[in-house]
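Per my numbering, the very first residue in the sequence shown carries number 1304; after that it's consecutive.
A portion of the hints provided could be inaccurate.
What the hints assert, rightly or not - Pair ranges (Cβ atoms, derived):
| # | residue 1 | residue 2 | range |
| --- | --- | --- | --- |
| 1 | T1398 | L1606 | 27 to 37 Å |
| 2 | P1394 | M1331 | 30 to 40 Å |
| 3 | Y1617 | T1420 | 33 to 43 Å |
| 4 | F1334 | D1507 | 45 to 55 Å |
| 5 | P1394 | P1499 | 44 to 54 Å |
| 6 | A1487 | E1352 | 23 to 33 Å |
| 7 | V1543 | D1507 | 10 to 20 Å |
| 8 | A1612 | P1307 | 35 to 45 Å |
| 9 | T1398 | V1601 | 44 to 54 Å |
| 10 | I1602 | I1453 | 36 to 46 Å |
| 11 | L1606 | H1505 | 53 to 63 Å |
In short, the hints are calculated from the structure, not lab data.
Idealized CB from N, CA, C, for every residue including glycine.
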Amino acid sequence: MRPPALRHVLTHLVTPLLMCIGMGLAYMGAFVTPEPHHLPVAVVGSGPEAKVFAQTVKDKAGEALDVRTVATRAEAVDLLTSRDITGAYVPSARTPELVIASAASDMDALAVEKVFTPVAAGQGVPLKVTDVAAPVDDDPTGQGLFFLLIALSIGSYASVAALGAAGATLPLKVRALLAVGVSAVVSGIGALLAGPVFHLAHHDLAGLWGMAWLYSAGILLIGVGLHTFLRRWTTLAMMVLFVMLNFTSSGGLYRPELQNGFFGTLHAFWNGAGFVEGARSLLYFGGDGLARDIWTLVIWLLLGLAITAVAAAYERNKEPEPVVQEAREVEETEEEIEETVGV
C-alpha cells in the first residue's frame, strides 16, 4: 500500500476510534453505577413521631436521600404527580404504604422501594406499594419513550450526513428547507411507532408528534449548519451532541438523581431530556411541567436556525472553490454518510 493511501485510511479511522472512546466514557460513566444522589422522598405525618422517623431515615441514608415530611397522603400524591418527589412513605403499625409514580422513572421507583422495604420489614409487616401514575400496559417499564428518542435521533443525525453528501452543491437555504421537511417525516415515523405500532401513546398523539418535530428539526438544522464548517467531522460532532451527551442525560433510563452531577446537570437543559420529560408530562402527568420542556425544545430549534443563518452568511461570502476541491469535499461527505450508517 502506498504511503498516501495508507495515510488516507488511517485518517478516516480517527473518527470511529474517537466514537469508541466517547461512547465508552459516556455510556459507562452514565449507566454502569447508578446510585441515589439527593433522591427526594417524603414521609407522611405532621407530629413529632413522623419528624423523628424522617430524620432517622435521612441520617441512615446520608446524601443518598433528601427527606421531607408532608401532612397528608393527598399532599404527597400531589408532589408525586408534579414529580417533586419520587416516593412517599406512609407509616403504619399494621399496613405501612409506599406511594410511587413509576411513569416518572421506573428505576427511581425501584430505588425508593429498596430504601423503604427494609423499614417495613423491621416492623415485621409487609410494605404496601401503591403506584399513582403507572405506565401503560404496552410499556410496562416506561422506557419505551427512551427508545423512541433513539429512533428519532438516529433518523435526524443520519439525515444530516445524507443532506451533506447528496446536497453538497445545493444552496444552504435549500438544504435547510429539506431539513425541515425531513424532520416532519422523521417525527411522523416516530408518531406511528409511538401510536399505532407499539401503543406507547394512548392519547395526545398529535402533541407527541409536535414535540418530536421540534426535537428532530433542531438536530437537523444544527447539523446542516455545522456541516458548512466541520465537513467530514460533522458525524463525530453530531454523535457527541446527540448520542453521547444526549441519550445519557435524557432521563430515559436513569433520572439525574441516580446519576453523577455531570449528567444530572445536562438533564436540566439538553434537548433529549426536554423530549423525554415532555412526553412523560403529556402522557402521564396531565401536562404538568410541559411548557418548560417545550421551551427547551424550542430553544434548541432556535439554536439550529442561528447556526444555519451563520453558515449561510459564511457560504455567501466564501470564494468559489475549484472543481477539484469541490469534488474532494463531495467524496468526504459520502464517506461521512457511510460512517454514520455504520454507527
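Results of checking the hints against the structure:
Between T1398 and L1606 the CB atoms are about 51 Å apart, so this pair departs from the stated range of 27 to 37 Å. Between P1394 and M1331 the beta carbons are some 39 Å apart, a value that agrees with the proposed interval 30 to 40 Å. At about 59 Å, the CB distance of Y1617 to T1420 disagrees with the hint of 33 to 43 Å. Distance hint check for F1334 and D1507: the Cβ-Cβ separation is about 29 Å, which falls outside the suggested range of 45 to 55 Å.
Judged by the Cβ atoms, the range 44 to 54 Å given for P1394 and P1499 holds: they are separated by roughly 45 Å. In this structure the supplied range 23 to 33 Å is violated for A1487 paired with E1352, their Cβ-Cβ distance being about 58 Å. Distance hint check for V1543 and D1507: the Cβ-Cβ separation is about 32 Å, which falls outside the suggested range of 10 to 20 Å. Checking the proposed 35 to 45 Å range against A1612 and P1307 shows it holds: the Cβ atoms sit about 38 Å from each other.
Look at T1398 against V1601: about 46 Å separates their beta carbons, and that is inside 44 to 54 Å. Against the hinted window of 36 to 46 Å, the Cβ-Cβ separation of I1602 and I1453 comes to about 22 Å, which falls outside the hint. About 33 Å separates the C-beta atoms of L1606 and H1505, a value inconsistent with the hinted range of 53 to 63 Å.
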